[in-house]
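Q: Each chain, written out:
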Amino acid sequence: MSLWYALCDLLPVEMLHWDFMKNAFLALLLMAPLFGLLSTMVVTGKMSFFSDALGHSAFTGIAIGAIFGLAAPTWAAVGFSVAFALLFCYVKSRSNQAAETLIGVFSSSAVALGIFVATLGGGSFTKYNTYLIGDILSVTPEEIGLLVLVLAGVLVFWILCANRLTLTAIHPQLASSRGIPVGLSQTLFLVAIAVVVTLCISSVGLLILNSLLVLPGAAARNVARNLKQYHGFSVLFALLAGIGGLVASYYTECSAGAAISLLLALVFAVTFCLRKRRL
Amino acid sequence: MNLHHHDGSCGHSCCLRVENLSVTLGADTILSHINLHVHCGQMVALIGPNGAGKSTFLKAVLGQREYSGVIAFSEAGQRSKKPRIGYVPQSPAFDPSDPVSVSDLFACCMSKRPAFLGLGSAMRRTVLDCLERVHGQDLIDKRVGTLSGGELQRVLLALALEPLPNILILDEPLSGVDVEGMETLMDMLDEIRREYDLSILMTTHDFSLLPRYADQVVLIDRTVRRQGKPAEVLDSPEFHQVFHMRGGSV
Numbered sequence: 001m002s003l004w005y006a007l008c009d010l011l012p013v014e015m016l017h018w019d020f021m022k023n024a025f026l027a028l029l030l031m032a033p034l035f036g037l038l039s040t041m042v043v044t045g046k047m048s049f050f051s052d053a054l055g056h057s058a059f060t061g062i063a064i065g066a067i068f069g070l071a072a073p074t075w076a077a078v079g080f081s082v083a084f085a086l087l088f089c090y091v092k093s094r095s096n097q098a099a100e101t102l103i104g105v106f107s108s109s110a111v112a113l114g115i116f117v118a119t120l121g122g123g124s125f126t127k128y129n130t131y132l133i134g135d136i137l138s139v140t141p142e143e144i145g146l147l148v149l150v151l152a153g154v155l156v157f158w159i160l161c162a163n164r165l166t167l168t169a170i171h172p173q174l175a176s177s178r179g180i181p182v183g184l185s186q187t188l189f190l191v192a193i194a195v196v197v198t199l200c201i202s203s204v205g206l207l208i209l210n211s212l213l214v215l216p217g218a219a220a221r222n223v224a225r226n227l228k229q230y231h232g233f234s235v236l237f238a239l240l241a242g243i244g245g246l247v248a249s250y251y252t253e254c255s256a257g258a259a260i261s262l263l264l265a266l267v268f269a270v271t272f273c274l275r276k277r278r279l
Numbered sequence: 280m281n282l283h284h285h286d287g288s289c290g291h292s293c294c295l296r297v298e299n300l301s302v303t304l305g306a307d308t309i310l311s312h313i314n315l316h317v318h319c320g321q322m323v324a325l326i327g328p329n330g331a332g333k334s335t336f337l338k339a340v341l342g343q344r345e346y347s348g349v350i351a352f353s354e355a356g357q358r359s360k361k362p363r364i365g366y367v368p369q370s371p372a373f374d375p376s377d378p379v380s381v382s383d384l385f386a387c388c389m390s391k392r393p394a395f396l397g398l399g400s401a402m403r404r405t406v407l408d409c410l411e412r413v414h415g416q417d418l419i420d421k422r423v424g425t426l427s428g429g430e431l432q433r434v435l436l437a438l439a440l441e442p443l444p445n446i447l448i449l450d451e452p453l454s455g456v457d458v459e460g461m462e463t464l465m466d467m468l469d470e471i472r473r474e475y476d477l478s479i480l481m482t483t484h485d486f487s488l489l490p491r492y493a494d495q496v497v498l499i500d501r502t503v504r505r506q507g508k509p510a511e512v513l514d515s516p517e518f519h520q521v522f523h524m525r526g527g528s529v
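Protein sequence lines, in the order shown, are assigned to chains A and R.
Just so it is clear: in the first sequence, position 185 is 185 by the working numbering, and no numbers are missing.
Just so it is clear: in the second sequence, position 241 is 520 by the working numbering, and no numbers are missing.
Simulated from the structure, these hints should not be mistaken for laboratory data.
The model shown is predicted, which means the values in this text are computed figures rather than measured ones.
A hint or two may mislead.
From the derived model, a few chain A residues whose C-beta atoms are all more than 10 Å from chain R [unchecked claim]:
1) Thr40
2) Ala66
3) Val105
4) Val111
5) Ala112
6) Gln173
7) Ala224
8) Leu227
9) Tyr251
10) Ser255
Taking beta-carbon pairs under 8 Å as the criterion, some of the chain R residues facing chain A (in silico) [what the hints assert, rightly or not]:
11) Asp307
12) Thr308
13) Leu341
14) Glu345
15) Ser347
16) Gly348
17) Pro368
18) Pro375
19) Asp377
20) Val379
21) Ala386
22) Cys387
23) Pro393
24) Leu396
25) Arg422
26) Phe522
Positions of the beta carbon are idealized from the N, C-alpha and C atoms, including for glycine.
The shape of chain A in the complex, shown without the other chains (with noise of 0.2 Å):
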């Protein structure tokens, strides 16, 4: 860390000479990548809706872990994601349902329960607002440790499996033709995504978690022609607004996550304007 808290003292920059805007600096480095990629794989996996729950179900886990006294309520919470994940695969492989029809289901059991916990005796719900609205600015270097941990793990993960997760995405029978097991494979991903969001959520929050797990991706679509561009534009948007949301939040006085989720919304808009012209 403290590496990284010279080289920003080098830069001529005054919002960098904080401790805490290095730390959320270095925090978006390492996210909007993280984040551009998965994002990609949750648009065509058609999983907004669900990351958009998971987020929810990982709160759950949290006030469950903080009411049984648990001493990191962090890994209870990754246990509930992965259970809720695990549970909504297999459900989905046995119903006939749509599979946004499920979401709804175990997206609002997942609050109630969080909620009902959280507010079990006389109880109070508003220290869990740091959950929901959560604050990049307050993440500490332990925090961006795992993070880096997080990231590489994915980067594996997508190295090893990204051919067949996009070939499951957008062809399913297919992919099956071709001898990949599509319901481990979409398991698997689920999974990622429940860990990868539960881990993130404590040190930067539901909104900004669920506007950088689909809005880099979407918004890639409007102008990628092929795999490679659509990569390299969601990691590009999803840092260009890290980057700029975190600048904005520093002059402007607002939420980093407010300003982070509406400029990714403002790149949707614009590549969804170029698209047009383009067609």
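Knowing the structure of chain A, use the given hints to seat chain R on it.
A: Okay, now just chain R, sitting in the frame of chain A:
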């Protein structure tokens, strides 16, 4: 199930044998007692009304569906083995907004290197070679969602031919393809089965081209109602019964 009673003794150098195949879903019997031989170099068309079980039959052969009975493949002088199957799924199936080019699709299927890093020049040459088999080299950079019905079928066909299969299975390859495209596609399939001596098994609702191209037509309505030369099946009382009854009642 048990393969030992039969040992590919149908007199042909290679053969896909389906014996007494049944598929059930809960209490429903979707297919019962299907018997069928497909020899190499042959083109066999499966016909039947909607819901007759054609796609289920293909899925059983592909190993995507549980079944009872025997599906075995044998080659000259060799024991029964698992055949290599090339599969062309039913189209349309790609999301038009997917930013996946034809070359990406090939890379996802054939390469270990992640397709999002781009194709190496060797891979690109391989893809061009594959597309050449279906006269589709110019499609390499098009997005899969923007291909016409005929173009998509050719691309999926090229993909199914790499690695070269023993059996090529096509599910409704002619649906969504215009009349001119149909003849092009059937000519191509005809050329491929002769050149590579592979068997082709396809389902179709278009009977007009069958007498010209198919060696064998199999009329399926939950079981095999009739099989033989195209003209023989298309003129049979079973054919008229199956299609007119269904046609009148719907």
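Q: Please go over all the hints and tell whether each is borne out by the structure.
A: Hint by hint, here is what the structure shows:
1. With a minimum CB-CB distance of about 8 Å to chain R, Thr40/A fails to clear the 10 Å threshold, and the non-interface call is violated.
2. Taking the minimum C-beta to C-beta distance to chain R, about 39 Å, the non-interface status of Ala66/A holds against the 10 Å cut.
3. Once the 10 Å rule is applied to beta carbons, Val105/A is consistent with being away from chain R; the minimum gap is 24 Å.
4. The non-interface label for Val111/A is consistent with chain R: the shortest C-beta to C-beta separation is roughly 30 Å, beyond 10 Å.
5. With a minimum CB-CB distance of about 33 Å to chain R, Ala112/A clears the 10 Å threshold, and the non-interface call stands.
6. Gln173/A, annotated as away from the interface, has a beta carbon of chain R within 10 Å; the closest lies near 4 Å.
7. Listed as a non-interface residue, Ala224/A fails to keep its Cβ farther than 10 Å from every Cβ of chain R; the least gap is roughly 4 Å.
8. Look at Leu227/A: its CB is around 4 Å from the nearest CB on chain R, not clear of 10 Å, so calling it non-interface is violated.
9. No beta-carbon of chain R is positioned within 10 Å of the beta-carbon of Tyr251/A; the least distance is around 35 Å.
10. The beta carbon of Ser255/A is kept farther than 10 Å from every beta carbon of chain R, the shortest such distance being approximately 31 Å.
11. Here the hint on Asp307/R is broken, as its CB sits about 14 Å from the closest CB of chain A, past 8 Å.
12. Taking 8 Å as the C-beta contact cut-off toward chain A, the hint placing Thr308/R at the interface is violated, the least distance being around 20 Å.
13. Look at Leu341/R: its Cβ gets to within about 6 Å of chain A, closer than 8 Å, so that hint holds up.
14. A cut of 8 Å between beta carbons decides the hint on Glu345/R: the least distance to chain A is about 14 Å, and the hint is violated.
15. Given hint, Ser347/R at the interface with chain A, is violated; its Cβ is 21 Å from that chain's nearest Cβ, farther than 8 Å.
16. Evaluation of the Gly348/R hint against chain A yields a violated restraint, the C-beta minimum of about 21 Å exceeding 8 Å.
17. At its closest, the beta carbon of Pro368/R sits 4 Å from a beta carbon of chain A; the interface hint therefore holds under the 8 Å criterion.
18. Of the supplied interface hints, the one on Pro375/R is violated, with its beta-carbon coming no nearer than about 11 Å to a beta-carbon of chain A, more than 8 Å.
19. A least Cβ separation of about 5 Å between Asp377/R and chain A falls short of the 8 Å threshold, and the interface hint therefore holds.
20. Annotation: Val379/R was flagged as interfacial toward chain A, and the flag holds, the nearest CB pair being 6 Å apart, inside 8 Å.
21. The beta carbon of Ala386/R comes within 7 Å of a beta carbon in chain A, closer than 8 Å, and the hint placing it at the interface holds.
22. Interface hint status for Cys387/R: upheld, as the beta-carbon distance to the closest one in chain A is roughly 4 Å, under 8 Å.
23. Given the 8 Å rule on beta carbons, the hint for Pro393/R holds: about 4 Å separates it from the nearest Cβ of chain A.
24. The interface hint given for Leu396/R holds, since its Cβ lies 7 Å from the closest Cβ of chain A, which is under the 8 Å cut-off.
25. With its C-beta approaching chain A no nearer than about 6 Å, Arg422/R sits inside the 8 Å limit, and its interface hint holds.
26. Interface hint at Phe522/R: violated, since its Cβ lies 27 Å from the closest Cβ of chain A, which is beyond the 8 Å cut-off.
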